[in-house]
Amino acid sequence: MAFFGQAVLLLVLGLLGYATVAGSYAAVRGRRRLLSSAVNAFVSAFACTVLAAGTLVLAFVRNDFALSYVANHSSRQLPLAYTLAALWSGQEGSLLLWLLVLTGVGAAALLLNRRLVIDVLPWTAPILGGIGAYFAFIPNAVASPFATQTAPPNGLGMNASLQNPYMMIHPPLLYLGYVGLTVPFAFAMAALASRRVDERWVVASRRWTLFSWTFLGVAILLGAKWAYESIGWGGYYAWDPVENAALMPWLAATAFLHSVMVQEKKKMLRVWNVVLIALTFSLTLFGTFLTRSGVINSIHSFSQSSIGGWFLAFIAVVAAGSAFLIISRLSILRTSTRLESLASREAAFLYNNLLLVAFALTMLWGAAFPLLSQALRGVSISIGPPYYNFFLRIFGLPLLLLMGIGPLLAWRRASLRSLARAVSWPLLFALLVGAMLVRAGAGSSLPGLVAYTFSAFAIAAVLVEFVRGTRARKELGDTTWAGAFTSLVSRNRRRYGGYVSHAAVVLLAIGVVGSSVYNSGRTAHLQPGQAMSVGGYSATYLGTKLTRSASHDALRGQFELSYRGKSMGIVEAGKNHYKVEQFFANAVGIHTDWLRAEDVMLIGDQFDKDGSVFLKIAVNPLIDLIWIAGLVFLIGSVVAMWPDAREKRQLARRALEIDGRRPVVA
Amino acid sequence: MSVRGLLLAAVLALLLAPPTAASERHPTLAELEHEVMCPTCHQLLELSDAPIADRIRAFIQARIEAGDTKSEIKQRLVSEFGEAVLAAPPTRGFELLAWLLPILGLAGSGLVIALLAWRWTRLKPEAAKPHLVNGFSELDPKLARRLDEELALLDR
Amino acid sequence: MSAARTTAEARVARHPSSGKVRAALQTVGLSLVALLLVILAMRLVSDSSGRRLDKALAAGKSPAAPDFSLPRLNGDGRLRLSSLRGRTVVLNFWASWCVPCKQEAPLLQAATRRFGSASLVVVGVDAQDFRSDARRFIARYGLTYPVVHDNGASTATHYNVTGFPETWFIDRSGHLVGEHVKGPLTRRQLAENLAIALKR
Amino acid sequence: MMVALIVLPVILTAAVTIAAMLYVASPLVRESELPRASSADGLARRLELVEERDRALAALKELEFDHRTGKVSDRDYREQVGPLRRRAAETLRALEPAAKPDRPAGSRRATPSRAKVRS
Numbered sequence: 001m002a003f004f005g006q007a008v009l010l011l012v013l014g015l016l017g018y019a020t021v022a023g024s025y026a027a028v029r030g031r032r033r034l035l036s037s038a039v040n041a042f043v044s045a046f047a048c049t050v051l052a053a054g055t056l057v058l059a060f061v062r063n064d065f066a067l068s069y070v071a072n073h074s075s076r077q078l079p080l081a082y083t084l085a086a087l088w089s090g091q092e093g094s095l096l097l098w099l100l101v102l103t104g105v106g107a108a109a110l111l112l113n114r115r116l117v118i119d120v121l122p123w124t125a126p127i128l129g130g131i132g133a134y135f136a137f138i139p140n141a142v143a144s145p146f147a148t149q150t151a152p153p154n155g156l157g158m159n160a161s162l163q164n165p166y167m168m169i170h171p172p173l174l175y176l177g178y179v180g181l182t183v184p185f186a187f188a189m190a191a192l193a194s195r196r197v198d199e200r201w202v203v204a205s206r207r208w209t210l211f212s213w214t215f216l217g218v219a220i221l222l223g224a225k226w227a228y229e230s231i232g233w234g235g236y237y238a239w240d241p242v243e244n245a246a247l248m249p250w251l252a253a254t255a256f257l258h259s260v261m262v263q264e265k266k267k268m269l270r271v272w273n274v275v276l277i278a279l280t281f282s283l284t285l286f287g288t289f290l291t292r293s294g295v296i297n298s299i300h301s302f303s304q305s306s307i308g309g310w311f312l313a314f315i316a317v318v319a320a321g322s323a324f325l326i327i328s329r330l331s332i333l334r335t336s337t338r339l340e341s342l343a344s345r346e347a348a349f350l351y352n353n354l355l356l357v358a359f360a361l362t363m364l365w366g367a368a369f370p371l372l373s374q375a376l377r378g379v380s381i382s383i384g385p386p387y388y389n390f391f392l393r394i395f396g397l398p399l400l401l402l403m404g405i406g407p408l409l410a411w412r413r414a415s416l417r418s419l420a421r422a423v424s425w426p427l428l429f430a431l432l433v434g435a436m437l438v439r440a441g442a443g444s445s446l447p448g449l450v451a452y453t454f455s456a457f458a459i460a461a462v463l464v465e466f467v468r469g470t471r472a473r474k475e476l477g478d479t480t481w482a483g484a485f486t487s488l489v490s491r492n493r494r495r496y497g498g499y500v501s502h503a504a505v506v507l508l509a510i511g512v513v514g515s516s517v518y519n520s521g522r523t524a525h526l527q528p529g530q531a532m533s534v535g536g537y538s539a540t541y542l543g544t545k546l547t548r549s550a551s552h553d554a555l556r557g558q559f560e561l562s563y564r565g566k567s568m569g570i571v572e573a574g575k576n577h578y579k580v581e582q583f584f585a586n587a588v589g590i591h592t593d594w595l596r597a598e599d600v601m602l603i604g605d606q607f608d609k610d611g612s613v614f615l616k617i618a619v620n621p622l623i624d625l626i627w628i629a630g631l632v633f634l635i636g637s638v639v640a641m642w643p644d645a646r647e648k649r650q651l652a653r654r655a656l657e658i659d660g661r662r663p664v665v666a
Numbered sequence: 001m002s003v004r005g006l007l008l009a010a011v012l013a014l015l016l017a018p019p020t021a022a023s024e025r026h027p028t029l030a031e032l033e034h035e036v037m038c039p040t041c042h043q044l045l046e047l048s049d050a051p052i053a054d055r056i057r058a059f060i061q062a063r064i065e066a067g068d069t070k071s072e073i074k075q076r077l078v079s080e081f082g083e084a085v086l087a088a089p090p091t092r093g094f095e096l097l098a099w100l101l102p103i104l105g106l107a108g109s110g111l112v113i114a115l116l117a118w119r120w121t122r123l124k125p126e127a128a129k130p131h132l133v134n135g136f137s138e139l140d141p142k143l144a145r146r147l148d149e150e151l152a153l154l155d156r
Numbered sequence: 001m002s003a004a005r006t007t008a009e010a011r012v013a014r015h016p017s018s019g020k021v022r023a024a025l026q027t028v029g030l031s032l033v034a035l036l037l038v039i040l041a042m043r044l045v046s047d048s049s050g051r052r053l054d055k056a057l058a059a060g061k062s063p064a065a066p067d068f069s070l071p072r073l074n075g076d077g078r079l080r081l082s083s084l085r086g087r088t089v090v091l092n093f094w095a096s097w098c099v100p101c102k103q104e105a106p107l108l109q110a111a112t113r114r115f116g117s118a119s120l121v122v123v124g125v126d127a128q129d130f131r132s133d134a135r136r137f138i139a140r141y142g143l144t145y146p147v148v149h150d151n152g153a154s155t156a157t158h159y160n161v162t163g164f165p166e167t168w169f170i171d172r173s174g175h176l177v178g179e180h181v182k183g184p185l186t187r188r189q190l191a192e193n194l195a196i197a198l199k200r
Numbered sequence: 001m002m003v004a005l006i007v008l009p010v011i012l013t014a015a016v017t018i019a020a021m022l023y024v025a026s027p028l029v030r031e032s033e034l035p036r037a038s039s040a041d042g043l044a045r046r047l048e049l050v051e052e053r054d055r056a057l058a059a060l061k062e063l064e065f066d067h068r069t070g071k072v073s074d075r076d077y078r079e080q081v082g083p084l085r086r087r088a089a090e091t092l093r094a095l096e097p098a099a100k101p102d103r104p105a106g107s108r109r110a111t112p113s114r115a116k117v118r119s
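Residue numbers (our numbering), protein chains in the order written: chain A, 1 to 666; chain B, 1 to 156; chain C, 1 to 200; chain D, 1 to 119.
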């Protein structure tokens with residue numbers, strides 16, 4: 001089995017190497033057949049990676065401990081469902097998953113754009129192939145998932161904090177997002193290398209950017225939900241370097257999604273866009289480097305491993321390569337940029353790009369600064385949550401405001417008069433909300449108050465856009481409001497899908513602010529029968545119970561929760577003891593109070609022999625909006641990504657026209 | 001707009017940066033748990049249940065009861081564990097660079113963008129063709145009709 | 001588009017500075033990226049310096065022990081490792097909150113007594129710990145060997161210490177020998193490694 | 001049994017390798033080596049014009065809709081619609097000569113009457 005896996009993995013490396021070399025030759029010499037063959041090599045590399053990954057999964061299912069990777073990350077007691085997730089519970093398997101997603105996404109992108117790739121952007125195949133070859137080289141030569149040993153009687157088990165349903169989906173989604181960003185990067189670089197800097201690479205890669213960005217965003221939120229429900233400290237995001245590693249490319253991709261629109265509409269910012277996508281891709285690599293190299297102290301300290309140097313070298317190659325390509329093509333990239341007004345949609349995108357990229361780079365700086373301090377002064381320092389929270393306010397609040405103003409601005413120019421009229425309703429609404437919040441006592445936190453006022457403004461802006469648009473469509477001949485609404489959205493899916501995503505970000509902001517600024521919590525030592533209360537809620541400790549299963553013992557304290565004397569049922573909070581792994585994991589109890597829009601979280605910090613417990617209760621207002629934001633975000637992305645017949649027709653027409661033929665559009 | 005945004009950011013920074021005097025003189029454990037790291041686990045003290053984290057919590061509680069200010073407590077912790085015990089670097093000396101660079105970077109690039117944008121707005125439209133100078137009304141009627149047709153096509 | 005190109009060129013001509021600005025921006029951006037990569041590479045190298053000690057030891061070599069000078073917890077002033085040349089050193093990293101350290105302390109104290117400080121010095125390096133806690137620990141276990149406080153745990157990092165307790169053995173000439181013991185020392189591990197260190 | 005355990009993976013590997021190679025080689029054998037569809041540079045200019053036209057048309061449409069929703073005031077609209085129409089018309093004209101001159105452009109497209117109803 002190990003032999004087959006290893007052999008297939010080697011084959012993958014060979015195929016991707018062929019795709020790179022043959023593809024480059026074909027691109028230089030203009031050989032279509034050879035290029036087609038390189039594309040096929042990439043596609044078959046995907047098929048072979050599926051076989052390799054399948055082999056490893058099979059080894060996990062069969063408890064084949066002769067494979068070191070299986071022995072180190074699984075055990076006979078591990079439930080079957082988690083043996084599937086075991087594929088990505090360690091470094092070697094994660095790299096295999098990375099390769100799997102990379103070849104899969106790349107193959108799909110190549111096949112769906114086959115004609116474009118072969119005729120217009122031939123360098124796409126060798127660039128994807130080269131990146132793939134690197135990621136195939138690592139598991140082949142440096143960190144093989146198929147390394148063998150004499151089989152021990154049982155495996156060491158799986159990291160207990162990964163034994164959680166969220167960890168079944170979080171990593172694959174994260175990788176879809178991370179790795180998917182390779183596609184727009186490859187298209188952009190291919191456009192530069194092939195000297196085809198027109199819109200075609202943008203159009204071809206647009207959906208891939210959106211797709212990866214969506215999955216990255218959803219994966220970050222799922223990771224937050226996992227942290228919230230299974231780590232048990234009452235929070236969901238700790239600005240850990242590894243968490244930031246996913247957020248940085250997401251922010252950069254957000255900036256890219258916006259600025260690429262300016263390119264499509266106005267042929268501006270072409271240089272900036274290729275820089276931005278190169279930055280985004282580098283940040284995904286950098287994030288992986290941080291996660292995997294053990295360079296940075298993190299709670300997610302995965303194994304300290306030997307791949308750090310390899311990754312760093314690859315990042316250097318990517319950075320140098322893309323910098324060289326961009327600089328050498330500057331003359332064909334540059335266009336005359338004309339900005340009609342500083343108050344226009346495109347100008348707003350400039351400002352938002354500034355803030356988003358500044359925030360992403362600040363996070364990079366925050367990750368690198370302790371290393372700098374260590375290197376220059378030999379003093380180790382920490383850059384933690386207070387630092388990032390500060391910059392979240394500095395960059396995040398203006399972004400929130402901008403998110404409200406941007407949609408109200410027209411492309412090209414908005415005279416002050418138009419602007420004033422467009423802004424009036426949302427502004428009124430925001431001020432009203434602000435005043436109400438001050439009366440309700442939200443003034444206890446100034447940033448919270450500001451954030452909520454801005455949120456109100458942004459959400460009102462989105463609503464105004466929808467209302468005005470629908471009304472206009474109705475005037476234009478749609479008979480029903482529903483019809484007008486659908487026709488509005490379907491005529492510009494990206495814009496209105498984008499607005500839905502804006503709404504999601506506003507919900508997220510409300511949830512984050514609510515749960516981090518207006519939260520309350522307390523810890524107390526309780527004997528059975530005793531009670532403690534926080535913010536109107538009261539929990540009475542009833543006692544503990546113990547359930548045993550093959551993989552772990554579950555100790556649960558039982559607490560009767562009530563709000564102002566009214567019982568809300570029993571909440572269980574305790575700990576799991578994973579036997580093989582010798583690990584204790586928190587199992588928190590969460591009661592979601594929809595009426596008051598807050599979560600009551602019970603964490604059994606410590607259970608003593610005498611039956612007493614140190615119970616921590618946290619009340620997190622509005623936190624569930626964060627998860628709802630995830631759903632809304634997904635809806636917005638689906639709307640924006642949905643195939644657009646009108647656009648497709650136009651592109652087909654365009655393609656035909658370039659060949660000098662007339663469109664056959666009846 | 002960007003200037004206004006920057007101003008706003010600056011004002012907010014001024015408002016938010018110095019923690020209020022009350023919390024400096026009478027800090028709470030919860031506050032300090034947010035600003036201090038557990039030295040062995042590279043997490044906020046708040047998130048950590050390592051033995052040393054419990055010790056630090058006890059220490060902070062004792063110092064609060066003894067009437068220490070927040071910065072005094074932090075100073076004591078630094079002298080025991082080194083600077084890495086603070087969750088965010090101090091705003092002085094070399095560490096000031098950690099705070100300043102992003103702000104200066106934002107201000108600098110904001111300035112560059114503002115400058116560029118201002119220049120772009122002053123750029124004259126591409127050299128106008130003489131026969132089209134007066135625009136709309138002078139558009140050749142045949143061409144105008146074609147344009148309308150194209151627009152209609154787009155709207156289907 | 002030729003029209004576009006000519007305007008672009010015209011603009012460059014009108015603002016000769018804009019080319020320079022671009023070049024400056026490029027240089028700044030590229031050098032920032034390069035700087036970041038260099039820092040990371042340095043970190044990778046320095047990070048592995050501790051691990052290098054382990055690797056060398058495993059390969060049968062005797063790398064020089066990284067020197068340090070740290071304030072003493074029992075006694076005044078500082079202790080410099082290199083000042084102990086000519087004597088065999090047992091370098092023990094510990095903290096007062098660490099449970100196995102409590103079992104280990106008597107063992108180390110006994111070794112000091114048996115060999116006499118002329119030929120053997122146990123040096124306790126207390127890290128990530130309150131000094132007062134450490135002093136209490138020293139008093140409670142009656143430790144007479146020198147204990148120093150490693151503020152910021154930088155010495156521990158140099159010795160690739162990932163947990164407490166961990167122990168290194170240093171011969172008379174200041175080279176690491178024997179085994180890097182991770183976890184509490186057993187009587188046998190102590191005897192074997194001391195035998196190697198004292199012999200050299 | 002043992003033999004099967006050793007031989008089977010080898011056979012499987014060989015089969016996978018051969019299948020992959022056949023698939024990779026197939027375009028070299030089956031497809032014809034057409035020259036790349038473009039005599040690229042001649043088309044580049046045309047492509048640029050087409051893109052420019054679509055951009056201009058989309059901008060016009062958007063301006064009209066924004067005007068209708070009230071986002072763009074009457075005065076702003078009047079100021080912008082002229083230059084935008086001119087630019088769009090310019091691209092249309094520029095695209096004209098490259099098409100077959102004997103075929104009047106747009107003749108096969110939507111009828112004006114329909115256009116009026118919709119826009």
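Since the hints were made in silico from the structure, they are not lab data. On a predicted model such as this, the values are computed, not experimentally measured, just so you know. Be aware that a few hints might be false.
For lysine to aspartate or glutamate, the following EDC-like pairs were computed, each having C-alpha atoms within a straight-line distance of at most 20 Å [said to hold, decoys possible]:
#1 K579(A) - E79(D)
#2 K265(A) - D155(B)
#3 K61(D) - D644(A)
Consistency of the hints with the structure:
1. K579(A) - E79(D): Cα-Cα ~75 Å, so violated.
2. K265(A) - D155(B): Since the Cα atoms of K265(A) and D155(B) sit roughly 17 Å apart, the hinted pair holds (cutoff 20 Å).
3. K61(D) - D644(A): holds (17 Å)
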